[in-house]
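The whole structure should be built from the sequences, with the hints applied where relevant.
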Amino acid sequence: MRVLGVDPGLTRCGVGVVEGVAGRPLTMVGVGVVRTPADADIGHRLVAIERGIEEWLDAHHPEMVAVERVFSQHNVRTVMGTAQASAVAMLCASRRGIPVTLHTPSEVKAAVTGSGRADKAQVGAMVTRLLRLDAPPRPADAADALALAICHIWRAPAQNRLQQAVAAHHARKGHTA
Numbered sequence: 015m016r017v018l019g020v021d022p023g024l025t026r027c028g029v030g031v032v033e034g035v036a037g038r039p040l041t042m043v044g045v046g047v048v049r050t051p052a053d054a055d056i057g058h059r060l061v062a063i064e065r066g067i068e069e070w071l072d073a074h075h076p077e078m079v080a081v082e083r084v085f086s087q088h089n090v091r092t093v094m095g096t097a098q099a100s101a102v103a104m105l106c107a108s109r110r111g112i113p114v115t116l117h118t119p120s121e122v123k124a125a126v127t128g129s130g131r132a133d134k135a136q137v138g139a140m141v142t143r144l145l146r147l148d149a150p151p152r153p154a155d156a157a158d159a160l161a162l163a164i165c166h167i168w169r170a171p172a173q174n175r176l177q178q179a180v181a182a183h184h185a186r187k188g189h190t191a
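Residue numbers for the sequence shown follow our numbering, so the first one is 15 and each next one is one higher.
Think of the hints as simulated: they come from the structure by calculation, not from any bench.
There is no bait here: all hints are sound.
Restraint ranges, calculated between C-beta atoms of paired labels, are given here: (1) Ser129 to Lys187: 34 to 40 Å; (2) His88 to Gly130: 17 to 23 Å; (3) Arg16 to Gly130: 22 to 28 Å; (4) His88 to Leu116: 18 to 24 Å; (5) Ala182 to Asp55: 46 to 52 Å; (6) His58 to Ala139: 34 to 40 Å; (7) Leu116 to Asp72: 20 to 26 Å; (8) Glu68 to Ala139: 30 to 36 Å.
In this text, a Cβ means the ideal position worked out from N, Cα and C, and glycines have one as well.
Structure (structure tokens):
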């Protein structure tokens, strides 16, 4: 499975592509950051993020896109920008028919480090170790994007089994009613 992880942000939108399956060593295909100038108009920034995401989709052909779920922070302006960047990533993938999954920061941290409260340094260190890299990807947004992709690859089999079990349960209930 090839997954594009997206750590959304208006100034720095982390992107990383990981390939592999749960239970086997994973491979980093690419990592980077889509940047926009902080002083630019919001519309131009969103278009720049769209272009950047589209370039990554064209170059790497992921089967899935994993985006960090935006959660409430104290700074409403930061949340809005993150949500807008997240929506652009989801739109780009959905336009191409690529499934999108959202993961919370604590889910990603727990999957990669074993603790949902891990800090950025711990996430970067584990991403480096899991992907057998020489150094942690910089900036942290890039490492976070890889962590999202890793999280998705590891969680997808369990999520699929859960969805199948729920569907089977609903099918049985429908037949016995």
